[in-house]
Amino acid sequence: MSKIFALAAVVIKELYRRKDFYVLFVLTALLTLAAGAVNFFHDDKIVRYVKDICLLLIWVSALVISVVTAARQIPAEREARTIFPLLAKPVSRWQVIVGKFLGCWLATGVALVVFYFFFAAVTGSKEQIWPWGAYLEAVWMQWAMLAIVIAMVLLGSIFFAAPSSTSTITLVVVGGILLLGTHLKVIALQQPEPMQFILTVVYFVMPHLEWYDLRDFVVYDMGIVPLRAVALATLYAAAWSGIFLLLAWFGFRRKNLTT
Amino acid sequence: MSAILQTQKLRVEYRTRDLRQATKVALNGLDLEVRAGEVFGFLGPNGAGKTTTMNVLLGFVPPTSGTASLFGIDVRQPIARQRIGYLPELTYYYKFLTAEELLRFYAKIFGLARAETDKRIAELLKLVELESAAKRPIKSYSKGMQQRVGLAQSLINNPDLLILDEPTSGLDPLGRMKVREIIQRLKEQGKTVFFSSHELGEVETICDRVAIVHQGELKAVGTVAEISAGFDNLEKAFLKIVGFQPSPAP
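Keeping their order, the protein sequence lines are chains A and B. When you number the first sequence by numbering that gives the first Met the number 0, it's gap-free, plus one each residue, and the end is 258. When you number the second sequence by numbering that gives the first Met the number 0, it's gap-free, plus one each residue, and the end is 249.
Pulled out of the complex, with its shape left as it was, chain A reads as follows (with noise of 0.2 Å):
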């Protein structure tokens, strides 16, 4: 394991060492002054809106941070011929791909956590409420959905050799999901055969990203999820990782890298 926790440090110090760290807290700063302005107009339902929007804006900067980091991993090795110095070291292409995993992962788990300290501290000051319960799953289930999207680019990034492509690709499929997964069967249901059918096997076999937002408990005060349901979406962002990250180390170890 020390292997893959020093490759997933390299990961993390590349990151805040980019400066995409600072981006971030710009970012942050920028979500914790909208949220600043709640109860201007001293309306209630305005406290809302704005903590609907700041958590669109960290959903969708958490999706962009860890889409991008992901991304250029591989692809930034083979460019920079970093790869070979690293391969000739008794390391194995698996240890490879889960330290770049871990480390994307870990950062990403970071740069949640800020955004959410700011967001519970500028809405909390406003409402005068911390319902941390929620915040910690609404982190959590955010954080294990990221995972699924991190393994996703990983494997992406093995066949595409320009981390924008890859980046490109897996934000419009994960923004798809997000947008059209609790429909899709809906919509598969008032389709004629066989793309009713094609529709359905499409909901049963992708990766459910939708099933972790859970915003609106944040935003509408809704309590917290049952722990148990918790456990099984973690069990479930679990199993997509790692089909995800098997089939990018099954793709990385058939690699030529010298061409």
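Just so you know, not all the hints are guaranteed correct.
[Stated by the list, open to error] In silico SDA-like cross-links for lysine to any residue, where the CA-CA straight-line distance does not exceed 20 Å: (1) B:Lys94 - B:Arg82; (2) B:Lys134 - A:Asn255; (3) A:Lys18 - B:Leu96; (4) B:Lys138 - A:Gly222; (5) B:Lys235 - B:Thr222; (6) B:Lys23 - A:Asn255; (7) A:Lys2 - B:Thr97; (8) A:Lys18 - A:Ala75; (9) A:Lys12 - B:Phe95; (10) A:Lys2 - A:Lys125; (11) B:Lys94 - A:Leu29; (12) B:Lys142 - A:Lys12; (13) A:Lys12 - B:Tyr91; (14) B:Lys94 - B:Thr66; (15) A:Lys125 - A:Leu29; (16) B:Lys94 - B:Lys23; (17) A:Lys12 - B:Ala132; (18) A:Lys2 - B:Gln145; (19) B:Lys218 - B:Lys177; (20) B:Lys23 - B:Tyr91.
The set of hints was computed from the structure by calculation and includes no laboratory data.
Could you slot chain B onto chain A? The hints should help.
Using the frame of chain A, we list chain B on its own:
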């Protein structure tokens, strides 16, 4: 002496995606044996198969057929690389890290203990004269300094076998002398050095044995004296072996 680097009937073919193009044979039945404690020069003109051989030995490229082993372990096993150090021809390191961080990272990959890592880093930074720049990002280093970081990283695990890909390429005369000194010191310590080079004078000076490859095949192997027998020097022997025909004077 036992062989610590060995290839047997090693063949590597590169297939192109273009079906009309024939498969390129980079190595064709290469049999090579490097014994413990020797400095072994690996020579050949460009495109002869030197880099491909190194790529196989380092696990970057799988052999199409035949075998390659380090310390008796198949090179496809990562553990085969536990006791080797590798210096690439050009500097390929994480430029956002400092030299110290890079060495610490590679030490962790080798599984070195903390105390051992600290000791090795201090020794190596002194050896390559980078102590004062150890905490600066590698991107701020000159080319020569980056080469020295490369040399330090190749020695972090105190390797028994050092694989060097044209180690003096791009170095100034002082840098070349330093590399030669280090190779000599490693030899005195009983380490094995396997290196490719185009600098035949250098090879003549420091190598116990040399191998010459051409068009993916081993053309000659032996001591410098054995290969140069009948010629003025190693260069003339090399040119004859690879079939070089001097163009007639105009």
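Now for the hints, and whether the structure bears them out:
no. : hint                : result
1   : B:Lys94 - B:Arg82   : 25 Å, violated
2   : B:Lys134 - A:Asn255 : 35 Å, violated
3   : A:Lys18 - B:Leu96   : 14 Å, holds
4   : B:Lys138 - A:Gly222 : 50 Å, violated
5   : B:Lys235 - B:Thr222 : 15 Å, holds
6   : B:Lys23 - A:Asn255  : 15 Å, holds
7   : A:Lys2 - B:Thr97    : 19 Å, holds
8   : A:Lys18 - A:Ala75   : 17 Å, holds
9   : A:Lys12 - B:Phe95   : 8 Å, holds
10  : A:Lys2 - A:Lys125   : 45 Å, violated
11  : B:Lys94 - A:Leu29   : 31 Å, violated
12  : B:Lys142 - A:Lys12  : 23 Å, violated
13  : A:Lys12 - B:Tyr91   : 17 Å, holds
14  : B:Lys94 - B:Thr66   : 35 Å, violated
15  : A:Lys125 - A:Leu29  : 17 Å, holds
16  : B:Lys94 - B:Lys23   : 35 Å, violated
17  : A:Lys12 - B:Ala132  : 19 Å, holds
18  : A:Lys2 - B:Gln145   : 24 Å, violated
19  : B:Lys218 - B:Lys177 : 31 Å, violated
20  : B:Lys23 - B:Tyr91   : 27 Å, violated
Violated hints, in rising order: 1, 2, 4, 10, 11, 12, 14, 16, 18, 19 and 20; the structure is consistent with all others.
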